[in-house]
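Peer 1: For reference, the chains in residue letters:
Protein chains: 2
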Amino acid sequence: AGDAAAGEAKIAVCAACHGTDGMATAPIYPNLAGQSATYLESSLKAYRAGERGGGMSAMMTPQAQSLSDEDIADIAAYYSSLE
Amino acid sequence: AGDAAAGEAKIAVCAACHGTDGMATAPIYPNLAGQSATYLESSLKAYRAGERGGGMSAMMTPQAQSLSDEDIADIAAYYSSLE
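The listed protein sequences correspond, in order, to chains A and B.
Quick note, the first sequence lines up with residues 1 to 83 if you use the working numbering.
Quick note, the second sequence lines up with residues 101 to 183 if you use the working numbering.
Honestly, the hints are just simulated from the structure, not real lab data.
A portion of the hints provided could be inaccurate.
What the hints assert, rightly or not - In silico lysine to any residue, SDA-like type, Cα no more than 25 Å apart, as pairs:
| id | chain 1 | residue 1 | chain 2 | residue 2 |
| --- | --- | --- | --- | --- |
| 1 | B | 145 | A | 50 |
| 2 | A | 45 | A | 11 |
| 3 | A | 45 | B | 138 |
| 4 | A | 10 | A | 50 |
| 5 | B | 110 | A | 28 |
| 6 | A | 45 | B | 114 |
| 7 | B | 145 | A | 23 |
| 8 | B | 145 | A | 63 |
| 9 | B | 145 | A | 60 |
| 10 | A | 10 | A | 38 |
| 11 | B | 145 | A | 38 |
| 12 | A | 45 | B | 161 |
| 13 | A | 45 | B | 150 |
| 14 | A | 45 | B | 124 |
| 15 | B | 145 | B | 166 |
| 16 | A | 10 | B | 127 |
| 17 | B | 145 | A | 34 |
| 18 | A | 45 | A | 56 |
| 19 | A | 10 | B | 136 |
This one's a predicted model, so the numbers in the text were calculated from it and none came from an experiment.
Construct all of the structure, not just a fragment, from the sequences and the given hints.
Peer 2: Now the structure itself:
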């Protein structure tokens, strides 16, 4: 399982769209506050693997590709812990 | 924009995983309660188009392919309205 405190230090880029509080900054982006960490990890790994197209994948794929498994677990833990 | 009341009548299949209240029945599934309707529509259309792979897409793609644009808008409005 990820470390939410470590995740908080890794979300500077994520927060531009998903908020530091997990509430999206525009309706096309999903809210992440309180989302299942397991699901968030699965989603980020699908983007990273280039499996998840459509939607905002042109933005998400390269972002996810900059993340390690540990980064993904930490970020998922952080957003899941909110609200 | 979709009709949340109409959407409520269309979520019998969705609810098996995402709940009638938008809270997922297992951690691998995302919670949908209060999620942005715009995002939910975008996601369902990406699944329907076969663009969104990975994760649970083997389940979601055929489900989304059974939905019209109106169904998608109504279901998105319903889950977005919750909580």
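Peer 1: Compare the structure with each hint and give your call.
Peer 2: Evaluation of the provided hints:
{"no.": "1", "hint": "145(B) with 50(A)", "result": "18 Å, holds"}
{"no.": "2", "hint": "45(A) with 11(A)", "result": "16 Å, holds"}
{"no.": "3", "hint": "45(A) with 138(B)", "result": "23 Å, holds"}
{"no.": "4", "hint": "10(A) with 50(A)", "result": "21 Å, holds"}
{"no.": "5", "hint": "110(B) with 28(A)", "result": "23 Å, holds"}
{"no.": "6", "hint": "45(A) with 114(B)", "result": "23 Å, holds"}
{"no.": "7", "hint": "145(B) with 23(A)", "result": "22 Å, holds"}
{"no.": "8", "hint": "145(B) with 63(A)", "result": "22 Å, holds"}
{"no.": "9", "hint": "145(B) with 60(A)", "result": "17 Å, holds"}
{"no.": "10", "hint": "10(A) with 38(A)", "result": "18 Å, holds"}
{"no.": "11", "hint": "145(B) with 38(A)", "result": "23 Å, holds"}
{"no.": "12", "hint": "45(A) with 161(B)", "result": "18 Å, holds"}
{"no.": "13", "hint": "45(A) with 150(B)", "result": "18 Å, holds"}
{"no.": "14", "hint": "45(A) with 124(B)", "result": "20 Å, holds"}
{"no.": "15", "hint": "145(B) with 166(B)", "result": "11 Å, holds"}
{"no.": "16", "hint": "10(A) with 127(B)", "result": "23 Å, holds"}
{"no.": "17", "hint": "145(B) with 34(A)", "result": "24 Å, holds"}
{"no.": "18", "hint": "45(A) with 56(A)", "result": "15 Å, holds"}
{"no.": "19", "hint": "10(A) with 136(B)", "result": "24 Å, holds"}
In summary, this structure violates none of the numbered hints.
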